[in-house]
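**Student:** Residue numbers (the numbering used here), protein chains in the order written: chain G, 4 to 337; chain X, 47 to 391.
I should point out that these hints are in silico values taken from the structure, not numbers from a laboratory. A few of these clues could be false.
Keeping only pairs whose Cα atoms sit at most 20 Å apart, straight-line, the calculated EDC-like set for lysine to aspartate or glutamate is [what the hints assert, rightly or not]:
1) X:179 x X:193
2) G:39 x X:201
3) X:65 x G:232
4) X:291 x X:363
5) X:118 x X:58
6) X:129 x G:159
7) X:118 x X:193
8) G:47 x G:330
9) X:129 x X:53
From the derived model, a few chain G residues whose C-beta atoms are all more than 12 Å from chain X [what the hints assert, rightly or not]:
10) 66
11) 67
12) 84
13) 86
14) 93
15) 99
16) 172
17) 185
18) 225
19) 249
20) 253
21) 274
22) 283
23) 295
24) 300
Using N, Cα and C, we set each Cβ at its ideal position, and we do this for glycine too.
So the chains spell out like this:
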Amino acid sequence: MSLGPETSLHDESTPTADAAQERDTSEKAIAGRSLKQIAWRRLKKDRVAVGGGIVILVLIAIAILAPLLIKLLGHPFDEYHNDKIDPTLSLPLGKLGGISKDFLLGVEPVNGRDIFSRIVYGAQTTLTVAFLSAFLSTILGVLFGMSAGFLGGWVDSVISRIMDFLLAFPQLLFSIALVSVLPQSMLGFNTRWSRTIVLIVVIGFFGWPYIGRIVRGQTLSLREREFVEASRSLGARSPRILFREMLPNLAAPILVYTTLIIPTNILTEAALSFLGVGIPPPYPSWGGMLSDALQFYRYDPMFMIIPGAMIFITVLAFNLFGDGLRDALDPKAR
Amino acid sequence: MSENLLEVSGLEKHFPITKGLFRRQVGAVRAVDGIDLQVRSGETLGLVGESGCGKSTTGRLFTRILEPTAGKIVFDGKDISHKSFSQMRPLRRDVQMIFQDPYSSLNPRHTVGSIIAAPLQIQSIPTPQGLKKAVQELLELVGLNPEHYNRYPHEFSGGQRQRIGIARALALRPKMIVADEPVSALDVSIQAQVVNLLDDLQREFDLTYVFIAHDLSVVRHISDRVAVMYLGKVVEIAERDELYKNPRHPYTVALMSAVPVPDPARRDRAQRERVLLTGDVPSPINPPSGCRFRTRCWKAQDICATEEPPLVTRLEDPESHQTACHFPIVEDEQVVGRRPASTPA
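Sequences are here, hints too, so could you generate the full structure?
**Tutor:** Next comes the structure, spelled out in structure tokens:
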């Protein structure tokens, strides 16, 4: 190769060549596009993910506005409407489980409670449990995963064995046992919210190894990257390396896996409520409604279809959005 | 001769190999196994050798990213061989590193501005003109558009990224820069520009370079002195022109003969005959006894297996030319194993 003196210092002028015209436009035009902006653009083009995202936003809005919605369109969730029930068969009067202008999604058999308000309040329970337990799993998973990956050695061995143990643990059986042992209300919360907190803690605790494993793996591979070494050679201490150098690179997988454990949490919460250890009656939850509908599915299928469809739509929306998010953040993983 | 900025003696780095639940040590990779070197103030020392010979480990020992297993590193009169991380912190201003892979040495989530500002922030260097201005001056210094400070690394080419890495190393105005194969990941045309940039910066800031590479022509272009490494040891060290003209160690001869010549008319020349080494580099876990090169050397005799040759100056060579060989190549020697390049391999 020739390394003659004719090759000068400022020869590689790709940035400066187009710089003149860029300078003309404005200083803002030269601002770089961050990976975040690029991912956002990619996500916006993904119609399926956008659809999922919109459904999620609508569900969140429903959960937050539940009291208002019920005032406008429904009846209190624990109000009995015996006049809507056939007294001999205990089934709702009218077609499709009693769907009418007054009762948008019909009424429950036997006591005639408004299904619409119970679905809306159920959304509140479901989303609260799913989001907060995912949040708890993420915090624990990132904390332990990063410690295991970054510190290595015996810390890594201990944390990895705990994760293996938790992943092999019969989570559902343990949850049933724990929830039935704990008192109905504690810490000054009423029955509904104290049970919600128990569900969040149980589901969140058993969910962290999924995120922990991914974070540990990513941390292990990031630790060997040269920019971490470069930062060390500049004299950076561990906290700076962990939080300034590594955490921004972990943000994408953390975000994706948090989105993807939310649907799992929704299903777990529904399963626990279905098994009778979730939110206690008369407070509504989708899983609990499915459980109630079990006796009537032959005579009043709508009572089962409506909460079932809600669970299905919600889980599907989160999964589609999560997949889209992963594709947008890391197109190579496709 | 100018004074030595860096002196190492008996430098060793062994990476333990552990096995089983209790991490019992069952052996060690002897990546660097006894190096004595001096780096003079203001010079460029080239460090060459094939993959796995311990070049990069040596560079990381010089910058004290790694702690040596044995031996002494004296930088600027201070013994830094076993200084703790916090004791090293103020000294890191004086020794900086340029990394091999411009794609993994820059954090993809940080803007160029914050990458170059990081050394100033970490070392809390005051910037009277403001951090942004300081960063822009550095960008200009390495031939990049200063207005690109809030762009991200993925928006730059390999050569430009390496310039960013150079700007980061320069930010602290160090005395010495260890460049670990700074151009081997780049296109040949870009290599020249980056090497010349390093050359210009050396003159401007009176820098001392340790230039690690496996490309002999790049090393020849930039170095004042060249050290050849084989399996964790320095086998030959000399002034650049001396080494390229009169290589003494058989391994150096073999390395030199492997450099391709771009001019076909010169290919027939006798001196362009190639020495083909047989076999692989032995494992650094269990290196050969005596001279480490003996397993692949065509001149090896019994003494090579029993006695390790010291790194010494030979009578006919200038004082700065040291060779570690029992049977060094003499001028105009007919090398057994040498054959014309025209013979198909």
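**Student:** Against this structure, judge whether each hint is valid.
**Tutor:** Structure-based check of all given hints:
no.	hint	in the structure
1	X:179 x X:193	holds (10 Å)
2	G:39 x X:201	holds (14 Å)
3	X:65 x G:232	violated (26 Å)
4	X:291 x X:363	holds (12 Å)
5	X:118 x X:58	holds (9 Å)
6	X:129 x G:159	violated (27 Å)
7	X:118 x X:193	violated (44 Å)
8	G:47 x G:330	holds (12 Å)
9	X:129 x X:53	holds (16 Å)
10	66	holds (33 Å)
11	67	holds (32 Å)
12	84	holds (57 Å)
13	86	holds (62 Å)
14	93	holds (61 Å)
15	99	holds (53 Å)
16	172	holds (23 Å)
17	185	holds (38 Å)
18	225	violated (10 Å)
19	249	violated (9 Å)
20	253	violated (10 Å)
21	274	holds (38 Å)
22	283	holds (46 Å)
23	295	holds (49 Å)
24	300	holds (52 Å)
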